[in-house]
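With chain X's structure known, arrange chain B on it following the hints.
Protein chains: 2
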Amino acid sequence: MARTRNSLETRTKLLDAARDLIRAKGYSATTVDDICQAAGVTKGGFFHHFESKDQLGVAAAEQFSNMAEQIFAAAPYQALEDPRDRLFGYIDFRIAMLGAEISQYTCLLGTMVQEAYATHPSVREACDAGMTAHVRELAHDIEDAKLLYAPKASWTSESVGYFIQSVIQGAFIFAKAKQSPEVAVQSMMHLRRYLESLFEH
Amino acid sequence: MARTRNSLETRTKLLDAARDLIRAKGYSATTVDDICQAAGVTKGGFFHHFESKDQLGVAAAEQFSNMAEQIFAAAPYQALEDPRDRLFGYIDFRIAMLGAEISQYTCLLGTMVQEAYATHPSVREACDAGMTAHVRELAHDIEDAKLLYAPKASWTSESVGYFIQSVIQGAFIFAKAKQSPEVAVQSMMHLRRYLESLFEH
Chain X
1 MARTRNSLET RTKLLDAARD LIRAKGYSAT TVDDICQAAG VTKGGFFHHF ESKDQLGVAA
61 AEQFSNMAEQ IFAAAPYQAL EDPRDRLFGY IDFRIAMLGA EISQYTCLLG TMVQEAYATH
121 PSVREACDAG MTAHVRELAH DIEDAKLLYA PKASWTSESV GYFIQSVIQG AFIFAKAKQS
181 PEVAVQSMMH LRRYLESLFE H
Chain B
1001 MARTRNSLET RTKLLDAARD LIRAKGYSAT TVDDICQAAG VTKGGFFHHF ESKDQLGVAA
1061 AEQFSNMAEQ IFAAAPYQAL EDPRDRLFGY IDFRIAMLGA EISQYTCLLG TMVQEAYATH
1121 PSVREACDAG MTAHVRELAH DIEDAKLLYA PKASWTSESV GYFIQSVIQG AFIFAKAKQS
1181 PEVAVQSMMH LRRYLESLFE H
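Chains as they are written, first to last, in our numbering: chain X, 1 to 201; chain B, 1001 to 1201.
I should point out that these hints are in silico values taken from the structure, not numbers from a laboratory. The hints are all genuine.
Cross-link-like lysine-lysine pairs, in silico, DSS-like; alpha carbons within 30 Å at most:
1) X/K25 - X/K178
2) X/K25 - X/K43
3) X/K13 - X/K43
4) X/K25 - B/K1178
5) X/K25 - X/K53
6) X/K13 - B/K1025
7) X/K25 - B/K1043
8) B/K1053 - X/K53
9) B/K1053 - X/K178
10) X/K178 - B/K1025
11) B/K1013 - B/K1053
12) B/K1013 - X/K25
13) X/K152 - B/K1178
14) B/K1025 - B/K1053
15) B/K1152 - X/K178
16) X/K53 - X/K43
17) B/K1025 - X/K53
18) B/K1053 - B/K1043
19) B/K1025 - B/K1178
20) B/K1043 - B/K1013
Far from chain B by the CB rule (all over 10 Å, computed), these chain X residues:
21) N6
22) E9
23) T42
24) E62
25) M67
26) E69
27) Q70
28) A75
29) L80
30) I91
31) G99
32) A139
33) E143
34) F199
C-beta atoms are modelled at their ideal positions from N, C-alpha and C, and glycine is treated no differently.
Isolated chain X, as found in the complex (with noise of 0.2 Å):
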């Protein structure tokens, strides 16, 4: 028991060491080494719980994935009674969580894709799996929304579930290009203004 309990706790340290290193240098830039030393963990007890540094990564999306949809599932915005109440408090969760530092907010799995889309194949398609349940989780509430208020409507709420999350991975790049979230929030705020005029219908 004891020892399950150890193995546990090593894979969550080295997946938590992982987390926070490919968010501040990138995927490439963090060795197995980086992830060892910040985690604690010798070699062999990273090759104990992984293969490579790419089942890591997969790992890693898995995890980052798993950690945002409790994030999101336990926001005050999921008590709202209208599905379209529902998706700005989405939005304006997200805006708040810009005045944190860059490296909590931002994405893993964008950061990922970004750099390692053609050369790991498994770390890509673990980012879209990621992204692609986040979008369908949000889906949901823009699906209720739409039938409550644009019925007519001729765009799909899966389209827009992706165009939302496109505004925040973009809006991320510009936050770390200037260090700062300003710009990002001002695009959040565009984001906003068009979702409530798809939804005055």
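Chain B alone, transformed into the frame defined by chain X:
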């Protein structure tokens, strides 16, 4: 004379190789050796032109920005008289570009800054400068269109320029994740619809 021309050719070969390699596998994964090999230049030749990989990264960002400026300056929509038409021409031109190979239409600057923002400050600055210059260029047409069609709007032309670029950068991330431009095209169509609503007044 011939020597100067050869030297310029070598520099251009190194910059072109860097652009293609970084777009395909990211900044950190691209080594000086990779670049020399792809360019057919010796390591001595490399260090004759650039003190470091970061100095090449900065130069590659500048070359990419100049190339992009030329492409958009020469695009057919620039001949349109109405600034709003030119703005929609720009969006449609960007949508049409999504028909090429992923590594041919994605942004070198967005790719580099995503991973290098905290660890390579000079590269981050060069990416910011290039992306900001593109937004400023675009903001001229947005401002002129605003004066004609939405003089009382509360948004700034610059913020709309950054919003457009955020959507484009985010759309590239999804094109990479999905190995297909389909989601990116749909996001650009949402962007177009939003811009239409801004200038309807």
